[in-house]
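If you count the sequence shown from 1, you need to add 198 to reach this note's numbering.
It is possible that some hints are incorrect.
[Unchecked claim] Quick list of in silico lysine to aspartate or glutamate cross-link-like pairs, DMTMM-like style, CA-CA up to 25 Å:
id, residue 1, residue 2
1, K288, E239
2, K288, E237
3, K288, D199
4, K288, E256
5, K288, D228
6, K288, D221
7, K288, D244
8, K288, E255
[Unchecked claim] Label pairs and their calculated CB-CB ranges:
id, residue 1, residue 2, range
9, A233, E274, 15 to 25 Å
10, S259, A304, 33 to 43 Å
11, T224, L249, 18 to 28 Å
12, P277, D199, 35 to 45 Å
13, T230, P277, 16 to 26 Å
Quick caveat, the hints were computed from the structure, so don't treat them as lab data.
All C-beta atoms, glycine included, are put in the ideal place defined by N, C-alpha and C.
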Amino acid sequence: DQLLVNVSADIGVFTPNRDGINDTVTIRYDVTNVAPALEVEVRIFDLSGRLVSTHLEERSSGRYRYAWDGRNQAGELVPPGNYVYAVSLKVPGSADAESAGVVGVAY
199 DQLLVNVSAD
209 IGVFTPNRDG
219 INDTVTIRYD
229 VTNVAPALEV
239 EVRIFDLSGR
249 LVSTHLEERS
259 SGRYRYAWDG
269 RNQAGELVPP
279 GNYVYAVSLK
289 VPGSADAESA
299 GVVGVAY
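Generate the whole structure from the sequences, applying the supplied hints.
Listed below in structure tokens is the structure:
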């Protein structure tokens, strides 16, 4: 059975310009069939494959979401363009469960 399902972004393009409209993108995912909490990592990459942002939490089975504000690890707004989000569930002694998608940033 799958451990990580229903991974998606709530909008395809967002505008993190602090005007109160579409300032974040929400990445949603469900963790299933996990009794003890496991590490879930949400990573954002630019199209050249460079890591832009990462978020790590422990999660057990349930429905979750992560809001990305269009900023990199240094807190700076990223340039406009397409970015890949990847959600991975770290499974000890087994291959990680992972799913990815694309979201656009525009100003």
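Now for the hints, and whether the structure bears them out:
no., hint, result
1, K288 to E239, "holds (8 Å)"
2, K288 to E237, "holds (5 Å)"
3, K288 to D199, "holds (15 Å)"
4, K288 to E256, "holds (10 Å)"
5, K288 to D228, "holds (14 Å)"
6, K288 to D221, "violated (29 Å)"
7, K288 to D244, "holds (22 Å)"
8, K288 to E255, "holds (11 Å)"
9, A233 to E274: 15 to 25 Å, "violated (39 Å)"
10, S259 to A304: 33 to 43 Å, "holds (35 Å)"
11, T224 to L249: 18 to 28 Å, "holds (20 Å)"
12, P277 to D199: 35 to 45 Å, "holds (40 Å)"
13, T230 to P277: 16 to 26 Å, "violated (36 Å)"
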